[in-house]
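Start from chain A and add chain B according to the hints.
Chain by chain, the residues:
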Amino acid sequence: MKKNFGLAVIVFAIFTLSCTNENKENNSSASNSNNETAVTTGGQENVKDDVSQKDVVKVAAGSKDHTTLVAAIKQAELISSLSNAGPFTVFAPTNAAFDKLPAGTVDKLMKNENKADLQDILQYHVTTSSLKAEYFTDGMNVGMVNGGNVTVSVKDGKIMLNGTATIVASIPASNGTVHVIDGVLLPPATK
Amino acid sequence: MKHPLKTSLFMLSFAFAGLLLMQSCKPKGTSSAAGGDASKAYVAPGKYDEFYNFVSGGFSGQMPVYGIPSGRLLRVIPVFSVDPEKGWGYSEETKPMLNTSNGFVPWDDLHHIALSVTNSEHDGRWVFGNANNTPRIARIDLKTFRTAEIIEIPNSAGNHSSPFITENSEYVVAGTRFSIPLGDKVDVPIDTYKDNFKGTVSFIGVDKTTGEMNIAFQILTPGVNFDLARAGKGKSAGWFFFSCYNSEKANTLLEVNASQKDKDFIMAVNWKKAEEYAKAGKGVKKQVKYAHNKYDESTHSATSTIENEVLVLDPKDCPDMIYFMPCPKSPHGCDTDPTGEYIVGSGKLAATIPVFSFTKIQNAIASKTFDGEYDGIPVLKYDAVLHGEVAKPGLGPLHTEFDANGNAYTSMFVSSEIVKWNVKSLKVLDRVPTYYSVGHLSVPGGPTKKPHGKYVIAYNKITKDRFLPTGPELSQSAQMYDISGDKMKLVLDFPTIGEPHYAEAIPAELVMKNSVKIFKIEENKNPYVAMGEGKTKVERKGNEVHVYMTAIRSHLTPDNIEGVKLGDVVYFHVTNLEQDWDVPHGFAVKGANNGELLVMPGETQTLMWKPDRVGIFPFYCTDFCSALHQEMQGYIRISPAGSNVPLLFHTGKTKPSVSTPDTKDSGKTK
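Chains as they are written, first to last, in the numbering used here: chain A, 1 to 191; chain B, 1 to 670.
With the rest of the complex left out, here is chain A (with noise of 0.2 Å):
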């Protein structure tokens, strides 16, 4: 039995040693090694598959109208949630409706110390499910994810929101709708 045990502590000590060793060895030749046990971030926007339909963020990430909305997405951290099931409702930006607001608006969003107020603006322009441009109707609420409202009318078949931004196009994506809009939507104060 001791001398079993003065085996085992050989073994545990050889083991511990050569693990020690290859470990070093493993952090300086690259991160190929690591490769197995790394934990994969973010979520299914690294899907590889060319073949489904593109789902809101990829339609977003494709329009060359929306690299402000996108840079803005991402720096939410919302890209992850977009690319989920769903099914979302985008109201999407363009470049241009972003450029309308007060100038260095979206470079103070952008900085890391206001990514709350980023989230929550972009967060007040997605709601869970998938309302094609049809479905809108005069006077109609519409729950965003942030928890605010935003207000539908409808008037000779334009569908505008908040009585401030336009929908100009509507585009269908695998997790829902993207309607281009040509004004940002400000939540109000929450109190």
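In short, the hints are calculated from the structure, not lab data.
Heads up, the beta-carbon is just placed ideally off N, CA and C, and yes, glycines get one too.
Treat the hints loosely; a few may be bogus.
[What the hints assert, rightly or not] A short, non-exhaustive set of chain B residues, derived as facing chain A with CB atoms under 10 Å:
| hint | residue |
| --- | --- |
| 1 | 475 |
| 2 | 578 |
| 3 | 580 |
| 4 | 601 |
| 5 | 624 |
| 6 | 627 |
| 7 | 628 |
Just chain B now, kept in the frame of chain A:
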């Protein structure tokens, strides 16, 4: 005994603690008994297994797929039994797949696997499975992991010796387990077995491009029981070897009466010659009845056709086509090694494992070294065709697989072990216990020309205390052993479904690259497709009501339906409009007593419902699809027979509208 065991356990736990401390550390090799072997089965979260393992689901009638080395169950492919999880055999579109000459058979018994091969190596296109009871062969398309075709085998009774495959997938075979009277005179006393009962082995042609099967020819044989089979490879590729037992031709108490002779047979078939005879018109066309079912991925529907003719070759008219080789006692497995030179017979009651030499078989045939005849068929002299015998291999040898180093692995049912031996030297090299009573076994690529080795997986018949108890029935255990070294090492236990018989494992990259993600909606040719919500409608044709419904996150269209009456038969044709990988929708309506649906992206499936009472019946999506899955629901109103409630349907704010039957294209194709 206790003392050393405790000590080693103590050491084991100590070493294991060390492993835990050094989490990121992976020991090289397998020197550590505790961690080394277990780590072989570890597949990190998000990582893939190295092999797909297609396993027979035994009496479940299905074909489960596991990842190796993890043993994770990846999918159960429905084949010969209805499967409520997938709607198989419940939707109107899939019902014809289970049609036979006996009508709809909801449950069969799937025993053996054959992956398609090119040049005797796996090509990852199809996997075949046999129905043991109602004789059939199924072909599963590995692009979709769905059963694409099922063909029934006439003149067969118990399709056990099946569906083994030739070197370029020219044929899969179907040897009958039971011999029976064939032809017109079938109402005979059972004890006239010796005079009236015959066997057959069928060669089912496989189309090179489409995989479509047809029965090319059957060979009429003496009335023995066919058990298992293997095609030759390389030099022996033109031959097929079938093990058979009951050469005594017993018709009762086979447990005793089929073990009277010291040797039964392996039947060697020169299938290239048989093919020539068939082409030369040497066969006779026999009137039979069998179902041939195909699933069309563009209509998402199956058709079942009853065929009436089969070509039968009688060895009397076809000399030099088949030979019998004596094989001790009641051979079960019959396996050819990767070179094609050696054929291993495993007599389950034999004390040795005979290994036959293809070269010697050819010499014996050429020199007519016969040991008489069996029902007019030449019997080759045992000693003339024998390469040698594995002495004292274990008890109850059943099946043999091979590695790339000239070694064989034979399962021993009675002594519950796997025995490793060298094919050339016939020396036993190693043995490991299995838990318990191993049946088939599988080495990745084991039946091919180029085995991948690495593991051998035992599929055991008895589980008992191996898992947590679950009442009288336990799932059968599989055990995976590392065979990369000289000694086999147990790595993993995992549960299986049904009772696994044969299995094959194939490198994942041969299959995964072809996997279909969605069905393209614009290519959906189902006659009842609704190609978008604007195309949804409800049509009445007499007492049939056809609902052309769509499903997309997160609503069904239409979701309010009225004007259906007692006595109507309602067909819900549900099209999944999603074009997104892994987003199926389900469908169930309250009171439907024949099933539900599961509909893949871009597909249309149909549930038939005969309402039996008046009222409002909810329906909903049964597959959690989205955040608003629980909102994905609707109602159908059933009114009394003769009521004048108008037919109407809508979703959301859509204005109610009434459809009038369109006489132009009204459902003629179904």
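Verification of the supplied hints:
no.: 1; hint: 475; result: violated, 30 Å
no.: 2; hint: 578; result: holds, 7 Å
no.: 3; hint: 580; result: holds, 4 Å
no.: 4; hint: 601; result: holds, 8 Å
no.: 5; hint: 624; result: holds, 9 Å
no.: 6; hint: 627; result: holds, 5 Å
no.: 7; hint: 628; result: holds, 5 Å
The structure fails hint 1 only (numbered hints given earlier).
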